[in-house]
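J.: The hints should help you fit chain A with the ligands onto chain W, whose structure is shown.
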Amino acid sequence: MNIVVAIKHVPSTTDELELNEDGTNLDFDEIDFLLNEFDEHAIEQAVLLKEAAGGEVTVIGVDVIEELDGVLHTALAKGADKAAKIVGDIEPPVSSHTQAKWLADAIAEMNPDLVLTGVQAVDDLDGQIGPMLAAYLDLPYVGVVTGVSSQNGSVLAHKEFAGGVMAEYEVTLPAVLGIQAAEKPPRYAPISKIRQMAKSAEIEEFEVDEDFEYEGCELRKMAKPESAGHAEMIEGDPEEVAEKIIAILEERGLL
Amino acid sequence: MSNDILVITEHLDGKVADISYEMVGKAKELAGTWDGQAVAVMMGDGMADQANGFDSDATLYIDHPALAEFNPEAYGRVALALAQERSPRLIMVGNTSVGMDLAAWLSVKLGAACVAYVNGLEAEGDTLVATAQLYGGKMAAACAMDGPAVVSVMAGAFPAEDGMGSTVAESAAPPASLDDLKVRFVQLIRPEAGDVDITAVDKLVAIGRGIGSEDNIELAQELAEALGAEVAASRPIIDAGWLPKTRQVGKSGLTVKPKLYLMLGISGAPEHLEGMKDAELIIAVNTDPNAPIFDVAHYGVAQDLFDVAEAMLEALE
Ligand SMILES: Cc1cc2nc3c(=O)[nH]c(=O)nc-3n(C[C@H](O)[C@H](O)[C@H](O)COP(=O)(O)OP(=O)(O)OC[C@H]3O[C@@H](n4cnc5c(N)ncnc54)[C@H](O)[C@@H]3O)c2cc1C
Ligand SMILES: Nc1ncnc2c1ncn2[C@@H]1O[C@H](COP(=O)(O)O)[C@@H](O)[C@H]1O
Chain W
1 MNIVVAIKHV
11 PSTTDELELN
21 EDGTNLDFDE
31 IDFLLNEFDE
41 HAIEQAVLLK
51 EAAGGEVTVI
61 GVDVIEELDG
71 VLHTALAKGA
81 DKAAKIVGDI
91 EPPVSSHTQA
101 KWLADAIAEM
111 NPDLVLTGVQ
121 AVDDLDGQIG
131 PMLAAYLDLP
141 YVGVVTGVSS
151 QNGSVLAHKE
161 FAGGVMAEYE
171 VTLPAVLGIQ
181 AAEKPPRYAP
191 ISKIRQMAKS
201 AEIEEFEVDE
211 DFEYEGCELR
221 KMAKPESAGH
231 AEMIEGDPEE
241 VAEKIIAILE
251 ERGLL
Chain A
1001 MSNDILVITE
1011 HLDGKVADIS
1021 YEMVGKAKEL
1031 AGTWDGQAVA
1041 VMMGDGMADQ
1051 ANGFDSDATL
1061 YIDHPALAEF
1071 NPEAYGRVAL
1081 ALAQERSPRL
1091 IMVGNTSVGM
1101 DLAAWLSVKL
1111 GAACVAYVNG
1121 LEAEGDTLVA
1131 TAQLYGGKMA
1141 AACAMDGPAV
1151 VSVMAGAFPA
1161 EDGMGSTVAE
1171 SAAPPASLDD
1181 LKVRFVQLIR
1191 PEAGDVDITA
1201 VDKLVAIGRG
1211 IGSEDNIELA
1221 QELAEALGAE
1231 VAASRPIIDA
1241 GWLPKTRQVG
1251 KSGLTVKPKL
1261 YLMLGISGAP
1271 EHLEGMKDAE
1281 LIIAVNTDPN
1291 APIFDVAHYG
1301 VAQDLFDVAE
1311 AMLEALE
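Protein sequence lines, in the order shown, are assigned to chains W and A. If you read the first sequence in my numbering, its first letter stands for residue 1, the second for the next number, and so on. If you read the second sequence in my numbering, its first letter stands for residue 1001, the second for the next number, and so on.
Bound-form chain A, shown alone:
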């Protein structure tokens, strides 16, 4: 095992994702304490320029048509071959749609430990201690690792600025064959525009599973109207088919920064927080006084959302 750290960076639709810089910054700090190198890895097709500008000790850019957009099998083969060549102490991927496909797979292939939802990493001598989230953000765990490890890092856990620098990438051919792939990228599907753009409005009333049933959405709509707001929602409301995807806030939905984000019956899972934690004023109504959302909201009400919404409607009339 070497003292190096491999960071698998990511991009979508030609744009490098912030999580890449966030990981590189942390990797550089950790590798420094171990006298190792923080190596950023970017895979793509004809985008060598974008691989420049990390604050890594070295950046490897792997160019191949099969790497143009994310392909779990092709990315996996490249990452595995690089890891076998360099036997790094740590591999960092994002806790994203990209990294979630790679982390655990790589750990099995390499015989490494694996921790997901990581929001803290510290070196204690030769031991790496990762803090991770569990139970929808209601618990935190500390895991210690002495051998090789793969971690998937939460978006926003580390500052992106720390990973921005001027390292010029070295280009290389894929270290593994990318022929005969069983997974083939077909196309990107971009979201259709909805009736409103929730990223562009000042006030949102956001509803979650606590709303209970489709019929109750009307109450949220009335309240939104009285406040001059639009209705947004957490993922379960969209998956149930109660509101269109264009209303979803979070990791796989939209990121919003409204002046008011009034939340009714949303627990505050990490994937939801990713999309709204920078709102200017967050008011959360949730019957569970221990809901994680109360650690993030500015104001909280530990009461039934129906009582509060109805009382607000009445007071506004």
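Bound conformation, chain W alone:
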């Protein structure tokens, strides 16, 4: 099976998030980037399918801020066979529709049996690229998937709903699936192997389609959310904190 996995590098959300001067986006110079968590699962699921049924796994991403190579090398170290990136005169932020169209154009040339994305990326929290790829490629889409097995010409996919309820779908290939979790926890790639990939890997390049335009929404501003309340912070050294917590629990009859 020929599998393409779309992957994205995202700012680490455990960092302090600083805004740029006009408050329309993050200040990307101040932030660490890593492979989107759900994309790790998508890569793992692709590699598991390849190991079970044969084939090839290609990872691809839009190189929006020219930091993509690192995550492509990581994916190769985790078992992907080929890597590709979409390059050109890219002026961030690029809308999801535009990124999805660029990805769809490149992926269409690869003729995949199966396209996997992460269910969403933690940065914009939108989970849009997967369904958009399916729309542009005219393929079926199932998202929030936590396990895929292949059979003749189709796959069985498990999709999660609330309360731990899942549904099983049979999906005719080719198709796009949005992966929430692979059947097994993603494998670890040793730094030495990633370094080796950084030295030896060839990354295929696709040019952006500069003519594509999509009238989406206008981002007015970004800000730290205003919250209705805030926790009462308990200060002190750990012993004092422990005592205070225990006092709160005792006062409420919880101990």
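Hint data in this document are derived by calculation from the structure and do not stem from the laboratory. We put the CB at the ideal spot given by N, CA and C, even for glycine. Careful, some of the hints might be misleading.
[As the list claims (entries may be wrong)] Quick list of the computed label-pair ranges, beta carbon to beta carbon:
1. W:G229 - A:K1259: 14 to 24 Å
2. W:K221 - A:S1002: 52 to 62 Å
3. W:K221 - A:G1147: 26 to 36 Å
[Stated by the list, open to error] Sample of chain W residues with no beta-carbon within 12 Å of chain A, all distances over it, derived:
4. V64
5. G178
6. E204
T.: Just chain A with the ligands now, kept in the frame of chain W:
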């Protein structure tokens, strides 16, 4: 473009989900300001009765065997055909396992704008302004739309009561062919019962990625035992295979309302909050003083969870 709003309602296992009412209530208010209609759409198989009782201007019930349970392709075809017929200004879906499959797909097919994780919607004259969450709840964005739009709405963003009413649904045949589907629903898989039912216990010690490694879970277990609590967890702990799925709290896990929810190393992502925000007492320990969980917790400690957990264990002995 008309001034109507289409709300794609949802149900699972025969039960209408609250998010449906939450969206209908907001849709009715917005459509009122534009002199349009809030139209609730329910798709199902033999469940016309459940389509009654929204406070919509009209409810359409589409009946077909392929719509018995959610099927992204079948739902997509129906929603697209309805949208093409009525060219609504706005389509609302839930930011749920159902809506996440539909929103962005519909927006491409309709050439509409798309905003996910929406927790606020306002009409400013003819412009729709949506507020959305980003970066795991650490940022909020305001997006303005003048043309047609699809939004996916967060559970709990709007009150469900506002969407409950007495509109009687009109039944209709699918407006698009549901033959030759490439996605076929096979079966529902219900969760197996675990060793404990975390929705039924009074006290939970919940651990998140901050716990670092599988070996450290023992510390949480000891603390839980000393407090007479059970251990629960955020999704990454379950996905890593460190605890069973029956311990997961959140959007795709269980919803809990314990008397005590003590959180160690959980950031407070919207999907986790969905499962625990109504707990009676929430105490969060997180080294990041800006973690979103501190906007929701009653008490917070911006310290290392290991120091605090060990100190608590010692004090309890
Ligand atoms: C469709 C969908 C459904 C989902 N369903 C769920 C669900 O049901 N439940 C769920 O939980 N998530 C769910 N998620 C995932 C969710 O988006 C978040 O990724 C997840 O909740 C993050 O878990 P976390 O807070 O443990 O990890 P992180 O967000 O990584 O946070 C870890 C926190 O630990 C803190 N920390 C690190 N070290 C320490 C230390 N030594 N002491 C104290 N604090 C420390 C960090 O500051 C950080 O805030 C879902 C996602 C999707 C897309
Ligand atoms: N720039 C990108 N390049 C490649 N894949 C992407 C890109 N952006 C998003 N994706 C894929 O689409 C998924 C959902 O992303 P998003 O729509 O940004 O939440 C991610 O998990 C990736 O698999």
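J.: Range hint 26 to 36 Å: satisfied by the CB atoms of K221 (chain W) and G1147 (chain A)?
T.: With a Cβ separation near 20 Å, K221 (chain W) and G1147 (chain A) fall outside 26 to 36 Å, so the hint is violated.
J.: Decide, holds or violated, for the assertion that all CB atoms of chain A are farther than 12 Å from the CB of V64 (chain W).
T.: holds (16 Å)
J.: Taking the beta carbons of K221 (chain W) and S1002 (chain A), is their distance inside 52 to 62 Å?
T.: The hinted range 52 to 62 Å is violated for K221 (chain W) and S1002 (chain A), with Cβ atoms some 29 Å apart.
J.: Just double-check E204 (chain W) for me: nearest Cβ-Cβ distance to chain A has to come out over 12 Å.
T.: holds (25 Å)
J.: Test the statement that G178 (chain W) is away from the interface with chain A: the closest C-beta pair must be farther apart than 12 Å.
T.: violated (8 Å)
J.: At the C-beta level, are G229 (chain W) and K1259 (chain A) separated by a distance inside 14 to 24 Å?
T.: Holds, since G229 (chain W) and K1259 (chain A) (Cβ atoms, about 19 Å apart) stay within the stated range.
Going through the hint list in order, the structure does not satisfy hints 2, 3, 5.
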